[in-house]
Each structure stands twice: as structure tokens, then as C-alpha cells.
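Novice: Using the sequences plus the hints, can you model the full thing?
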Amino acid sequence: MSSAAMDHGHSAGGHHTSLPIDNRKLAIWTFIGSECLFFATLISTFLIYRGQSVSGPGPKDIFEVPLVTGGTAVLLFSSFFVVMALNGAQEGNRKKLLTWLSLTVLCGMFFAGMQVYEFMHFYHLGLGYSTNLFSASFYTLTGFHGAHVTMGTLWLATLLKDAIKGNLPPEKSLNLEIAALYWHFVDVVWIIIFPVVYLMSLGN
Amino acid sequence: MAAEHAQHDEHPHASAAKYVQVAVILFVLTALEVVLYEICYGGLAPSMAGLSSQLEPWFVELLLFLSFWKFWFVAMFYMHLKFDNKVLSALFGFSLVIAFVVIVALLILFIYNRGLWWQTGQW
Chain A
1 MSSAAMDHGH
11 SAGGHHTSLP
21 IDNRKLAIWT
31 FIGSECLFFA
41 TLISTFLIYR
51 GQSVSGPGPK
61 DIFEVPLVTG
71 GTAVLLFSSF
81 FVVMALNGAQ
91 EGNRKKLLTW
101 LSLTVLCGMF
111 FAGMQVYEFM
121 HFYHLGLGYS
131 TNLFSASFYT
141 LTGFHGAHVT
151 MGTLWLATLL
161 KDAIKGNLPP
171 EKSLNLEIAA
181 LYWHFVDVVW
191 IIIFPVVYLM
201 SLGN
Chain B
1 MAAEHAQHDE
11 HPHASAAKYV
21 QVAVILFVLT
31 ALEVVLYEIC
41 YGGLAPSMAG
51 LSSQLEPWFV
61 ELLLFLSFWK
71 FWFVAMFYMH
81 LKFDNKVLSA
91 LFGFSLVIAF
101 VVIVALLILF
111 IYNRGLWWQT
121 GQW
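So the sequence lines, in the order shown, correspond to chains A and B. Position 171 (the first sequence) corresponds to 171 in the numbering used here; numbering is contiguous. Position 56 (the second sequence) corresponds to 56 in the numbering used here; numbering is contiguous.
To be clear, the hints were calculated from the coordinates, so they are not data collected in a lab. Beta carbons are placed, not taken as given, at the ideal position from N, Cα and C, and that holds for glycine. Don't take each hint at face value.
[What the hints assert, rightly or not] Reference excerpt, derived from the structure (chain B facing chain A, CB under 8 Å, subset only):
(1) A23
(2) L26
(3) T30
(4) E33
(5) Y37
(6) S67
(7) K70
(8) F71
(9) F83
(10) V87
(11) L107
[What the hints assert, rightly or not] Straight-line Cα separation of at most 25 Å, DSS-like style, residue types lysine-lysine; simulated pairs:
(12) A/K172 to B/K18
(13) B/K86 to A/K172
(14) A/K95 to A/K161
(15) A/K172 to B/K82
(16) B/K18 to A/K96
Specialist: Quick look at the structure:
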């Protein structure tokens, strides 16, 4: 193998492409791009079936704006908490990292818990998965989002464990940055779901 | 080598103060969304009937407008697109365009199949 080829190989092993971007970062952005299409189809399905259910209960019978608004605020704050944690990781400020990352994980757990409570509440009000078109599209869309929140929470929890053990020094802060990008994406999806699914469904 | 790479990837991200500013903006925009709903259809509608009747025809457009800015602030500042390599912005922007086209195409297709909504006036 020529020296140039070996250099190239070494560079690829060091997580770099010909672009001045770490390939892990490029990969997470590509993944986020594919996730945009995934959620686009689910949101489209929800909008297509909007107002098409022939039997109840419908959104106006079951949605509770205060609960969902609380969940939305928690998710938005968690995005703020995770950038502060990243800021701490990049500065090498362990206390800042641990505090903000712990808060982020707690917010993730709260949001997932809120969604479980909401689903159980709706089920007891008679809205099963196959009750009507609204229920099927609603549970599928928000359920997949909830699954993403759960995965993100677990991911951040593993990084919190690393941080507690002192295994997340500034030179490894990219690990947190990549998880944070995924977390922010989950947040921006909710930024669309909250008005489109909840508020618009309650309007006329 | 690792240090070189680490240095290579560093981009000047926003300061903690900027993150706080963005958090406040996001909170205010979310509050505006809820207040808009309350004025148009919720508990504030009876007491603010005049404003409610003016805002109601624009309810969806206003919600989408507020959501767009929330999305923009998170993407630009929290996801660091404003500071990172523009290739990442292009990658994300391209995906969003395709996603938007998918939504519009599916809506048009299914609404068309429901019977020419522009003639019936109903979705």
C-alpha cells in the first residue's frame, strides 16, 4: 500500500471524510434527514384522516391543552438544558455538565411519562388504537414520537453515566453533541406536532 | 492526530447567554400559540369575541407562522446550523424540502380523490 493510500486510510479511521466534518456528525445529520421524511409521511396521514372518522371519540372530546402545553414546555426546556450541558462538556466544567445533563434526562423521562399517562387516559375514555381513523393516525404519529423520546432519553442517560464516571472529557464532547442533535430533532418534530395535531384539531 | 482532528471540528458555537435568550424566545412563542388557541376557541373566546372573530380565519396560518420560528431558532442555535459547516445546512434543508413536497403531494392526492374539493368546498 502506498504511503498516500495509508495516510488516507488512517484519516478515514480518524472519523474524517474529505469534507471538514467529522463523519459521525455527517452520519447523524443524514439520519435526521431520513427521519424528516419518516415523520412527514406520518403527519400527512394524520392530516389526510383529519375529520374523516365516522364514530367518536374525537379530538375535542379528549384532548387536554394544559397537560400537552406542560409537556411541550418541558421538551423545549430540555433542548435548552442539553445545549447548556454541551457547553459545560466543551468547557471541561464537570459540575455544569452533570447538572444540565441530569435535568435533560429528567425532562425526557417526564415527557415520556406524560405521554404514557395521556395514552392510558384516552384509552379509558374509549379511544383504542382501532376505534376510528383519528385514533389510529394519532397513536401512530405520537407513539412513534414518544418512542424517539424514549430512545433519546436512554442515549443521554448512557452519556450521563459516562460523565459521572469522568469518561466525557472536552475532547469527547462530540459524543454529547451528536446525541444532542438527535434530541433537538425530536424537539423540532414536537414543535410541529403540537400545533398541527393538538391545537388545530381543537379548532374548527 | 486526535487533537488535530478535535481542533479541526471546532466551530464557534453560541454563548450560554445566547442559549438563554433563545429559550426565552421559544417559551414566549409557545405561550403565544396557546393564547391564540384560547382567544379563538378556548376560555378567552367569549370575553374577547371581537378579537376572536378577527383572528379565527387566520388561526392555522398564525400557528404555522409561530411554529416556523420555533423550528428556525432550534435548528439555527441549538442544532448549531448557524455556526456549523454549510454542507450540514444543505443536507437538512434538502431533506425538509423533500418532506414538504411529500406532505403536499399526499394531501393533494387524497383530497383530490375525495371529490374535487375546489368544487365542493369541503375536504
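Novice: Now look at each hint and say whether the structure bears it out.
Specialist: Verification of the supplied hints:
1. A23: 4 Å, holds
2. L26: 5 Å, holds
3. T30: With a minimum Cβ separation of about 6 Å from chain A (threshold 8 Å), the hint on B/T30 holds.
4. E33: 6 Å, holds
5. Y37: 5 Å, holds
6. S67: Interface hint status for B/S67: holds (5 Å vs cutoff 8 Å).
7. K70: 5 Å, holds
8. F71: 5 Å, holds
9. F83: 12 Å, violated
10. V87: Cβ of B/V87 sits 6 Å from chain A, so the hint holds.
11. L107: 6 Å, holds
12. A/K172 to B/K18: 23 Å, holds
13. B/K86 to A/K172: It holds: about 23 Å lies between the C-alpha atoms, which stays within 25 Å.
14. A/K95 to A/K161: 14 Å, holds
15. A/K172 to B/K82: It holds: about 22 Å lies between the C-alpha atoms, which stays within 25 Å.
16. B/K18 to A/K96: With a Cα-Cα distance of about 17 Å, the restraint between B/K18 and A/K96 holds, given a limit of 25 Å.
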